[in-house]
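2 protein chains.
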Amino acid sequence: MSGDLHELMKNRRTVRNFLPDPVSEESLNRILEAVTLPPSGAGLLPYGTVVVRDSKMKQKIREGAQKVEIEYYENLSGRLKDKFDAMGVNSEKPFLTDAPVLLIIAGDTEKPYWLESTWLAIGYIVLAIENEGLGSVTYTPSDFTFINELLSIPDRFVPQVILPVGYPANKKPPKKSRPEGRVYYEECKE
Amino acid sequence: MSGDLHELMKNRRTVRNFLPDPVSEESLNRILEAVTLPPSGAGLLPYGTVVVRDSKMKQKIREGAQKVEIEYYENLSGRLKDKFDAMGVNSEKPFLTDAPVLLIIAGDTEKPYWLESTWLAIGYIVLAIENEGLGSVTYTPSDFTFINELLSIPDRFVPQVILPVGYPANKKPPKKSRPEGRVYYEECKE
Numbered sequence: 001m002s003g004d005l006h007e008l009m010k011n012r013r014t015v016r017n018f019l020p021d022p023v024s025e026e027s028l029n030r031i032l033e034a035v036t037l038p039p040s041g042a043g044l045l046p047y048g049t050v051v052v053r054d055s056k057m058k059q060k061i062r063e064g065a066q067k068v069e070i071e072y073y074e075n076l077s078g079r080l081k082d083k084f085d086a087m088g089v090n091s092e093k094p095f096l097t098d099a100p101v102l103l104i105i106a107g108d109t110e111k112p113y114w115l116e117s118t119w120l121a122i123g124y125i126v127l128a129i130e131n132e133g134l135g136s137v138t139y140t141p142s143d144f145t146f147i148n149e150l151l152s153i154p155d156r157f158v159p160q161v162i163l164p165v166g167y168p169a170n171k172k173p174p175k176k177s178r179p180e181g182r183v184y185y186e187e188c189k190e
Numbered sequence: 001m002s003g004d005l006h007e008l009m010k011n012r013r014t015v016r017n018f019l020p021d022p023v024s025e026e027s028l029n030r031i032l033e034a035v036t037l038p039p040s041g042a043g044l045l046p047y048g049t050v051v052v053r054d055s056k057m058k059q060k061i062r063e064g065a066q067k068v069e070i071e072y073y074e075n076l077s078g079r080l081k082d083k084f085d086a087m088g089v090n091s092e093k094p095f096l097t098d099a100p101v102l103l104i105i106a107g108d109t110e111k112p113y114w115l116e117s118t119w120l121a122i123g124y125i126v127l128a129i130e131n132e133g134l135g136s137v138t139y140t141p142s143d144f145t146f147i148n149e150l151l152s153i154p155d156r157f158v159p160q161v162i163l164p165v166g167y168p169a170n171k172k173p174p175k176k177s178r179p180e181g182r183v184y185y186e187e188c189k190e
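Sequences listed follow chains A and B, in order. For the first sequence, counting from 1, position 154 maps to 154 in this note's numbering; every step adds exactly one. For the second sequence, counting from 1, position 19 maps to 19 in this note's numbering; every step adds exactly one.
Hints in this document: simulated from the structure, not taken from any laboratory. Relax, there's no trap hidden among the hints.
Going by beta-carbon spacing under 8 Å, a handful of chain B positions derived as facing chain A:
hint: 1; residue: M9
hint: 2; residue: K10
hint: 3; residue: L127
Think of the CB as a built atom: it goes at the ideal place given N, C-alpha and C, for glycine as much as any other residue.
Based on the sequences and whatever the hints tell you, model everything.
Structure (structure tokens):
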């Protein structure tokens, strides 16, 4: 990797606009290797990964996602709605067809600490994606049932995230760390 | 960092035996910086971190943890019990007093995607710890109520993990990746 871990973490910004350029097999394989390296409950890696590159399937996933999102955004209010409005986030999810690769990470509910371990792994995966010079967004539709159906994922596996992966259409400035008010020493004083 | 991201991920092995050597302020501060760099629901970083270095407090945490663990291990059975037995994991948690630093990461239940975002962040944090040449274990007692009490953490925050941080007493060989049977292309075929 170029630079150090903190540089990688700072440069990793959420990407919602992708170039059509393909992701190489080498990059994809390195990302899929990283998927299996995180610590997990009893070392059981309680998740599976589905790689989607087929245009028609991506189109179906986008349609399925937008269908559930229209309802979600209509019912949204308060702080989260304001935040999403400011970020320009709405029920349109073009990144699901724009990105050359979608990774679906599904937790195996029969294994211990499956939810915690799956999301810890997603932390590894987004860094591995950034490390290839690629971008991603941790996209979580409000209902994943359509994903189980479209990808023939057994009910035991609950999809946790869709990660569109591709080259970012635009470059954002690096993140700033912001430890203020988030770290306490010896005990938590509010 | 020395080496690349995959090397870091492979070298990061769970550590339960720590040397008494202190963790430098510089290392601790770099780790605490990494805590604030992950992506999170609406960018709200839905967690707080408590740093514990006081010996008496570490002793109280160890006693509290072992108390809940004795009950947990007595009621454990099946695959998880076999796995823990093979790993030598039981209700004794000496790493809670051996490690010079404990980091408690507590999710803020009033923020969106708090559980997912907190565990994604823990993925970043364990890599940041490894990147300092330090080790950790993602220790999750079966009940965290005693932690809220001991550290005066408001009820709204639900502790997710105790990360003992220190220099490993012994060096394990790097992890091997194991993608077999965990990656599916286009759809999930069982």
